[in-house]
Amino acid sequence: MFRDVFDKLCWIFLAIVIVSLAVLLYATTGAGNEKRSSGPGKALEREMAYRTRVELIATLYAPVENLRKEGNNQTALLKLDELIRKYPAEGHGHILQGEILLSMGAFDEAVSSFVEGVKLNGDYVDAKSPLSRRVEIQRLVSDGMKNITQRASVNPDNRTLAASRQKINYLKSRLAGGCE
Amino acid sequence: MNRLLRICIALTALVMIAGCKTEGKRQVVKIGYMLCNSEQETTQRFLPLTKYLSDKVGVDFVMVPVDTHDFEKRFKAGEFQFTHTNSLIYIVLHENEGVQLLASEKRGKLGSRSAGTIIARKGSGINKLADIRGKRMAFGPMLAPTGYLAEYDMMLAAGINPENDLGHYTIPPGSYKHEKLIYGVLYGMYDVAAAPAMDIENMTREGKIAADDIVILAQSKPIPYCTFGVAKDADPALVKKVKEALMSLKPTDTAEVDGEQLKVMKAAWIDGYEELLDSDYDPIREMAKRVNVAPFQKY
Chain E
1 MFRDVFDKLC WIFLAIVIVS LAVLLYATTG AGNEKRSSGP GKALEREMAY RTRVELIATL
61 YAPVENLRKE GNNQTALLKL DELIRKYPAE GHGHILQGEI LLSMGAFDEA VSSFVEGVKL
121 NGDYVDAKSP LSRRVEIQRL VSDGMKNITQ RASVNPDNRT LAASRQKINY LKSRLAGGCE
Chain Y
181 MNRLLRICIA LTALVMIAGC KTEGKRQVVK IGYMLCNSEQ ETTQRFLPLT KYLSDKVGVD
241 FVMVPVDTHD FEKRFKAGEF QFTHTNSLIY IVLHENEGVQ LLASEKRGKL GSRSAGTIIA
301 RKGSGINKLA DIRGKRMAFG PMLAPTGYLA EYDMMLAAGI NPENDLGHYT IPPGSYKHEK
361 LIYGVLYGMY DVAAAPAMDI ENMTREGKIA ADDIVILAQS KPIPYCTFGV AKDADPALVK
421 KVKEALMSLK PTDTAEVDGE QLKVMKAAWI DGYEELLDSD YDPIREMAKR VNVAPFQKY
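Chains as they are written, first to last, in our numbering: chain E, 1 to 180; chain Y, 181 to 479.
For the record, the hints were derived by calculation from the structure and aren't laboratory data. Don't take each hint at face value.
Unchecked claim - Cross-link-like lysine to aspartate or glutamate pairs, in silico, EDC-like; alpha carbons within 20 angstroms at most:
#, chain 1, residue 1, chain 2, residue 2
1, Y, Lys286, E, Asp126
2, Y, Lys236, Y, Asp392
3, Y, Lys430, Y, Asp451
4, E, Lys69, E, Asp126
5, Y, Lys388, E, Asp81
6, E, Lys69, Y, Asp392
7, Y, Lys231, Y, Glu219
8, Y, Lys302, E, Glu116
9, Y, Lys420, E, Glu116
10, Y, Lys286, E, Glu70
What the hints assert, rightly or not - A few chain Y residues that face chain E, going by a derived Cβ cut-off under 7 angstroms, partial list only:
#, residue
11, Met243
12, Val244
13, Thr248
14, His249
15, Lys388
16, Ala391
Quick reminder that beta carbons are idealized off the backbone N, C-alpha and C, glycines included.
Generate the whole structure from the sequences, applying the supplied hints.
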């Protein structure tokens, strides 16, 4: 077994390999532990980013909210127009626009705006989200179904009513947990 | 050879006659378009749409630009069968001549509707409707639903009689009245003005004014705006085809005008058409009764 130098060298080489593997294994396990410990950190980062986004939205859209509180809906719509063009991928402008249009009595246009907003960001139908408008959208769907069903029953071939009903159904499906 | 030549001549003549026959067979139908700012502008906007309708329906539609005040008279004289007007003129034609609703035009944030607003310059000290008493005011054209009627109605509802309670009021002369009165408020020619929400929206979008330049003192409920109508005795099959063509209009649809392919919706500044109900026009009827204007005016 250890009769000549070659055998001895082989055994020494084998020992080195085994020790190296053990060290490598230990090091890998250590890194895994580190990874596991970074999980909560990432969740925290995500949470922080989300909260920052919510705060940024509140700041960006504060002038619109103020105009609404003053009852100046048309100026609020003009401000929103600027913001929607500046942030085309942000759904909040569409949601606010939907709320203003609804208060102005433009029901079909309000529904279209809510649909746009929800398509861009599903948080508006999520009851737990700070951005949630679930209750408002539920009310819109409920009122919309009554309103449109009544009008559509008298005018069954009306395409505008059919399109509005389709949009209401979309919001209904998103409230029920359906995906985009 | 002689026989072959005769056959060729006969065939050519036949093809030419057949071609002429097809051309002559196409029915000619006229559409009266209410002038918005000028005849040139209205023609530029709606000629592509008229060509599009001809292509889609298989009828030669001819565009007839008509002054607002002549519209009913010329319709009554049978000058055109289809009408494109503002919502108040549609009501006048519906009540007096039996014109039927065909489609309502969509444009801007309020879709097929617009609203009337009363505006003042920011920082002028006029911050609420009650402040306009004794001030100089500009209205839009008298038959404009969101440039005159809605604002006049809001003032009456607030207990302000435009005939007695203003310093004076005027209607800017010439074309582009809505833009003129908005600029007039901005540059101090008038203290307050009756401005359609759609014009404010467009001017803001085009960068002509900023949302912060003006204060909106009052705003009406949204009411239907531009409207296609049709004579009650029009061919139902034709009416159905026209309605179908308007409702299926897409932003990518083009029409050839003077050898150039133009996008129909872009040229006409519209976002499409909707099928509103005649009852959707009832708020305008109520306004017209309160303000005592056509078609319900009483002397």
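Hints, verified against the model:
1. Lys286/Y with Asp126/E: 32 angstroms, violated
2. Lys236/Y with Asp392/Y: 44 angstroms, violated
3. Lys430/Y with Asp451/Y: At roughly 9 angstroms apart (the allowed maximum being 20 angstroms), Asp451/Y and Lys430/Y satisfy the hint.
4. Lys69/E with Asp126/E: 25 angstroms, violated
5. Lys388/Y with Asp81/E: 15 angstroms, holds
6. Lys69/E with Asp392/Y: Between Lys69/E and Asp392/Y the Cα gap is close to 16 angstroms, so the pair holds against 20 angstroms.
7. Lys231/Y with Glu219/Y: The given pair, whose Cα atoms are some 17 angstroms apart, holds under the 20 angstroms limit.
8. Lys302/Y with Glu116/E: 32 angstroms, violated
9. Lys420/Y with Glu116/E: Not OK: Lys420/Y and Glu116/E at ~31 angstroms, beyond 20 angstroms, violated.
10. Lys286/Y with Glu70/E: 28 angstroms, violated
11. Met243: The hint is violated - Met243/Y has no Cβ within 7 angstroms of chain E, the shortest such distance being about 26 angstroms.
12. Val244: At about 27 angstroms, which exceeds the 7 angstroms cut-off, the nearest Cβ of chain E leaves the hint on Val244/Y violated.
13. Thr248: 25 angstroms, violated
14. His249: 29 angstroms, violated
15. Lys388: At 12 angstroms from the nearest chain E Cβ, Lys388/Y fails the 7 angstroms test, so the hint is violated.
16. Ala391: Holds - the Cβ of Ala391/Y comes within 7 angstroms of chain E, reaching about 4 angstroms at its closest.
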